[in-house]
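Peer 1: Read top to bottom, the protein sequences are chains H and C.
Numbering-wise, the first sequence is residues 14 to 252 according to my numbering.
Numbering-wise, the second sequence is residues 6 to 340 according to my numbering.
Read the hints as simulated data drawn from the structure, not as lab findings.
No experiment lies behind these values; they were computed from the predicted model shown.
Please note: incorrect hints may appear among the correct ones.
[To be verified] Incomplete in silico selection of chain H near chain C, CB under 10 Å:
# : residue
1 : D101
2 : E111
3 : R227
Backbone N, C-alpha and C define an ideal beta-carbon position, used for all residues, glycine too.
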Amino acid sequence: MAPILEVKGVDAGYGKLQILFNVSMEVESKDIFVIVGPNGSGKSTLLKTIFGLTRIYKGSIRFNGEEITGKPPHDIAKTGIAYLPQTDNVFAQLTVAENLKMAAYTLPSDLAEERISEVLERFPLLKARLKDKAMTLSGGQRQILAMAMSLIRKPKLMLFDEPTAALAPKLAAEILDEIIKLRDELGITIILVEQNAKKALQMGDKALLLVGGRVMYRGGAKELLEHPELGALYLGLKK
Amino acid sequence: MVLNVQLFLDTMAYASVLGLLSMSLTLTYIVSRVPNFAHATFAAIGSYMVLIVVWLLGIYKTGPSWGVYYASLPLSFIVVGAVALLQYLIVLRPLAKKGISIDGLMIATLGIDIILVGLLNISADFLEDIFQQSPDKDLRKLVTYPRSGYLSSYEPTIMGVTASSILGPLLLVVSTVGFYLFLTKTKFGTAMRAAIENPQLAETLGINVNLVYSVSWFIAGGLAGMAGVIMVMTTKLNPTMGWLLIVSVFAGSIVGGLGSLFWGAVGGLLVGFLEQFGVYYTQIILGALTGETVSLGNYRQVFSLGAIVVMLLVAPQGLASLNWGKILSRLGLRR
Ligand SMILES: Nc1ncnc2c1ncn2[C@@H]1O[C@H](COP(=O)(O)OP(=O)(O)OP(=O)(O)O)[C@@H](O)[C@H]1O
Ligand SMILES: [Mg+2]
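Take these sequences, add in the hints, and give me the full structure.
Peer 2: Structure, rendered in structure tokens:
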């Protein structure tokens, strides 16, 4: 089966500052694909690049067989990719209800309402907070809201950038469980950037190790976890 | 005389104009983060649109008529809105995309201002020939070099009160409330708030941020244009009038905190009152001290500059940042 996302020989960065060097990856449909690497190695930049938020100098990105290289983010959003940024992934000044409405911005209004009530069924804690500004939510609730927002357009592929950063361990585990459920129950393909490499590699199918903007490893997630050197060298995993 | 009714009415008109301008300036600021030095000249274009309407309707041959204002308000909104939109699309956005700093963009708005003043002078040149046939001395004076004067002869009255004193506050209230409803009750208005807070996230959700920003600039220009129509009745007109007025407009926005449209409007209103009454009472006091007639109208900006200084010292984030609940209860106005 053809991969749902195919990144080929991509050089990308910000303005003239190149961050990614010849990055290639293939993501199979309904996989959880994990991206790990040290701080500043370009993990967020890779997700942003897939979503059209950086400058691509070379290479190509195909989603579902369709070329999306160089498309603006609002067009890429329409092809069925959702991106949850590492920070500022909800509108703090808007209410929960308004945030959800904005997530359904491109949908006709009856469909929008239907989808909003669907995600509220999935995440009932948001129902009680509809009229509150998003800035009054706790960190975990914000991640849930961000997740709910990206689910509204029924994406086929979701890009998560450190969804558990700054969360208490118990909450972090809950968020990761939700992500696994998205794949298992809704059949959504997941690309996950995670600080907690061990946890992420355990739940992942395939993995990519990024160091200094270059691919150091690409293959099975469990294999990376058990790799004799890479894990200890770059991910702080014990041998 | 301690309370001068006509002064109060004149001030209502002038302060409303400032309220509209400070509010719309704040809008362009929170969208693009650039202090737009051409903003007061936007209002001057709105004022000159009134002269264009006087010409187009042929009223200069016969004399004053209410039709001038009916036609000018929507026309100024559209024309000046378009000018502001072009400034954003042709100059500010491409420069910002190239990574030009805020300072650079600010200088660009000064350049635009000079160009716009030039265009106003060209329009006045054009109208000069036409208005020579007019019996109205004020009208001829307005377009004949040095082009400075009032168009007050065209100002109608409503129940004995000058129209601008009623139309100005009315326009300010209607636009503030209307804009508030637009921002909170409509989908596009909500998208506008979303795109202003976090453009990148808005873009990822499929909101066309560039369209949102363009509409914001258009509306801001349009409001400034309508303020210009009211200004015709209250202020001495001249193509370069924006150069002095911009000080008061910025003062209003800064007093409001440069972050909230509502407080921008309030700031403009306050600065307007401060200038008018400041000038009036200082004149009385100095007059009593010196025994001569003192005229300080040309120094009104001293009061707005003073307001900027005081505000930056006392509450740099402006009126919007103050804890009003606490202040009201301290004053015994709320429990
Ligand atoms: N908007 C930007 N403009 C310029 N350089 C940037 C920008 N964002 C990130 N960088 C640089 O790109 C490099 C990679 O950053 P990136 O955020 O992709 O790393 P990361 O792997 O996600 O790190 P972390 O684990 O800290 O999130 C860093 O050197 C960073 O300074
Ligand atoms: Mg990152």
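Peer 1: Starting from the hint list further up, note which numbers the structure goes against and sort them upward.
Peer 2: Checked against the structure, the only hint that fails is number 3, while the rest are satisfied.
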